[in-house]
Structures are given as structure tokens and as C-alpha cells.
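Assemble the whole structure, with the sequences as input and the hints as a guide.
Here the protein sequences line up with chains A and B, keeping their order.
At position 267 of the first sequence (counting the first as 1) the number is 267 in our numbering, and the numbers step up by one without a gap.
Plus 387 on top of the position in the second sequence (first one is 1) and you've got our numbering.
None of these hints come from the bench; they were simulated from the model.
None of the values given here were measured: they were computed from a predicted structure.
One thing to keep in mind: the hints can contain errors.
[Unchecked claim] Per the computed footprint, the stretches of chain A lying under chain B, defined by three or more beta-carbons under 8 Å from a beta-carbon of chain B, are:
hint : stretch
1    : 117 to 125
2    : 136 to 150
3    : 196 to 207
Glycine included, each C-beta is placed from N, C-alpha and C at the ideal position.
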Amino acid sequence: MREVVIIGAGQTKFGERWEKNLKDLMAEAGTKAVMDAEITGEEIDALYTGCMASGRLIGQEHIGALVADQVGLNPIPSTRIEAACASGGTALKTAYLSIKSGEYDTVVAGGGEKMVDVLTGKVNYALGGAGDQETEVFNGATFAALYALMARKHMDKYGTTEEQLGKVAVKNHENGAKNPLAQYQREITLESVMNSTEISSPLKLFDCSPITDGAASVVLTTKEKAEEMDKEYVEIIGSAQASDTLSLANRKSITSVKATRKASQKAYKKAGIKPEDVDFAEVHDCFTIAEILAMEDLGFYEKGEAGKAVEKGETRLNGKLPINPSGGLKSKGHPVGATGIAQAVENYKQLTGKAGERQLKNPEIGLSHNVGGSGATAVVHIFRKMK
Amino acid sequence: MNEAIPLNWRKYPERYRLEGTHCENCGEDFYPKRKICPNCRRKGKLKDKKMAREGEIISYSKVKASHKDFQDETPYHVALIKLDNDVKIFSQVIDSEDEDVEIGARVKKVFRKVNDKDGGVIAYSHKFKVKK
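The structure is reproduced here in C-alpha cells:
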């Protein structure tokens, strides 16, 4: 079997990008990644782009063709992948498979979303489409409300506290402050999280990832080609995806995300590693509770132990298992379609020593975890530093 | 909601009568209705069944930032409710005091207007209230 590696990565500044439209953002990220990979357009066989809600947000569909057009890569095949907030991770997985299959040699996987042009109520409605329209959105669910239901039950069952959730946000801002591409490059205090306005109890404003514009891209190729090019690379040693019911009500448990458990178990098996071999992880903290759930469901902590680990600082940059060194969705920002790719960008940077001020000390294995909806899709990738 | 009239009409059994399905092969109940039993797939035998009218709150939240169709009635409570026939359902909880909406509270189904934001089409469905 051929091995798939990342040889270049690019990300736009995440944030309120009033001066840019979706095309600009995607073209910028893609160009950065291709320049970083030191390849030419002629070497690219196909494009895959994660994008969740461009239709509802900016009235634009057909993102696949749009991307190829904008970067001047017609007539190569260009496909949009949609799996709600896991669109980026799913695009990465699809690109990985296209090389693994032997069909393509070099592929660009990207993702992007333009979200700040519309009012918050409309964004909430568009994102609601990641859940079940007819039973959740129709009855007044927002994504914060669904995660709030999970948070409340986790607190009730395991004694997780609002302060522990708050400390996830504080830690992610601490990291994001060191990321020049993050939406919020500033630290916050626990008091400011606890005093922030309630969005959907028990979740407060600072428990929620923001509304963000941005795009990210990675260039994938075979290990063979990277070696021929004499190019530094990061190998994808595990790529797995799992599905679960679209609506939260149809799940047996709401204190554990089954799709995350299933996808990560499969990814660890493919990579031939155990959760304890992972040196750092970029996890899907769309809400602070989601990072707690991920820490447990990815097998890093026993159920009910993640909140305490956050409290002890175990997941900070200097802790024993740094989580979201990039700042995570909370501080780096969450342009939904871009998120899964941005997680791969951070893995690439950390494993090639290009993460700047937030660089971890010589990590060997990194993981990315991208979730769609309240857990109906989970995509896990495991990355290894070049040997 | 951007819902067409036929969509509302199709949903009458589920929304007006809380009708779901029951699989005669595995014995599990489902809401909303399913065409294929996820446990038994082609061996499943699904029949329409009315869900229990009462249940208990598994988890709840007070929504203070809502989506565009609910801006007029924010804040409001939502909950995940386990009906007495062991099916979970997402619903608004209304006509109840804040302190009564809690995990374990008994609730019963009521029939209410959900929204009229789609060009005057009024959609009705279930909501729940805490039993005193």
C-alpha cells in the first residue's frame, strides 16, 4: 500500500474578514499550501474542499468548480465535501483515499467558510442544519442548546463543573494568544468566562466557539514522491470516520460521542498505536464541553476524568498531553468547513517544527478530531513526524 | 422555517398525535417514524405506534440566543425527555417555572403552535410542561 504524506500547509488569518469573500479566502489558503509544498499547478491531480453551509450563508453552491476556477486549475476534478462541521476532516479523508487508491498522486484538500456576512440568528439557523431539521431545529434547538444538554448531563453524571468547562476556554485562549492566525490572540481569565452572558444554560458566551471567516489547505502526495523531491513531510498513519444518529435524542448516551469512540479506535488500529502514544491533539472544541467529551472518547482519559485533568493543567502547552495547541475552535476560530483542515495544518506545523511561539518540544505523533453536528460524524486522523 | 405546506401536512401524524414506529422484531420504539429499523434492517417489522404522553427530563437548557424562527419567544426551555415507552424526544418545555425544569422532573405533552414564520403557514406540534 502506498503511504500518504502532507508536504505543504496554508491557512488564512481566521476572524471577521470583512474585506474578503469566500473565493479570496480559499484561493489564499490554497496558494499558501502549494507554495509551501513547492509544487506547480501541473502536478496537482484533484481538489477536495470542505464547506458546510455556503448555500444558506452566502447563497453560493457548486464550491468544487468555484475553487478550481479561482486558482486557475481547470480542468482538474474539483469536489465539495459536506459533513456539517466535519466537512474539512471528511475532505481530508477523501483526498487521502484518492491517493491511497492509486488513482491520484498529488491532491489538495482544503476547506473554508464565510460566516460573518449574515446576522447571528441566521448563522444559528444555518448551523442548525447539522442536526435534525424536522425534530430539533423545528422545535427551537440551536447547536449551543444541544451541547448544553450534553454538558448538563455530564455535570449531573460525573460532577464536571462550570469552572472546569471555563478552564478549557482559558487554556485555549492561552494557546491562541501565541497563534498569529487565530481570531482571538489574547488570553482570558476564568472570571471573564464565568461572568460572560448565558447563551444556553449552562453554556455561556465564552464556552462557545465564535462565528468565523477563514480557509485552510494542505497538499497531500505519496511518501515516494516526497522523498524524490527531498521534501520534509508529515505522514498520515491513520484516517478513520464514523457516523451516528443525526439527532441527539436518538442516541443511547448523550455523555459520550459514540462516533468519536468508533473513529478513533479504528484510526489507532490502522496506525498501530495506542491513545497514550499520542503527543498532542487538535480536538473539536466547538463548545468547551465538546473538548471534555473528546478527551474521554478519544481514550486519553476515563469517563468523568477529563474535567479534573483540565483543572490540573495537564492539557496546557507544557502539560503531559497538550490539547489544541493552535488555540482550538474557541480561540483560533471556527469557520466550519475549514476547521478539519486547519487541524491538519496545526499537526503539520507542530510535527515539522514550524509552530513558532507555541511549538511543542519535539512531538512525534499528533491527532486531529473533527466532529459534525452534535456527533453524527466524527473524523480522526493520526499524523507522524518524518523519520 | 422555509417549510412548504405539504411538509407540514406530511408531519401531522408525528407532530399532532406523537406517532412513531414500533419494530415487532426487536421490540424497540422510534420517534420520529422510521422506514427501516436501524437494529434489524430488512428483518425489521415496523408498525405505526403512538408514543407515551408523559415522561421525565433527562437534561435541559434555557436557550437565551436562538435561531431566526424563535427570536420573539427567547428565552425558553428545551429538554431531552425520556417518554414512558423508553423513547427520547427533544422538545420545548413551556408553562413551567424555571426551578421546576430539572433533571428527573415529570412532564406531559401539550399541543401548541410552534411557529408561523413561513409566510403565514402555522405549524403546530407537541411541547411539554412540567407536571405539578
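Hints the structure fails to honour: none
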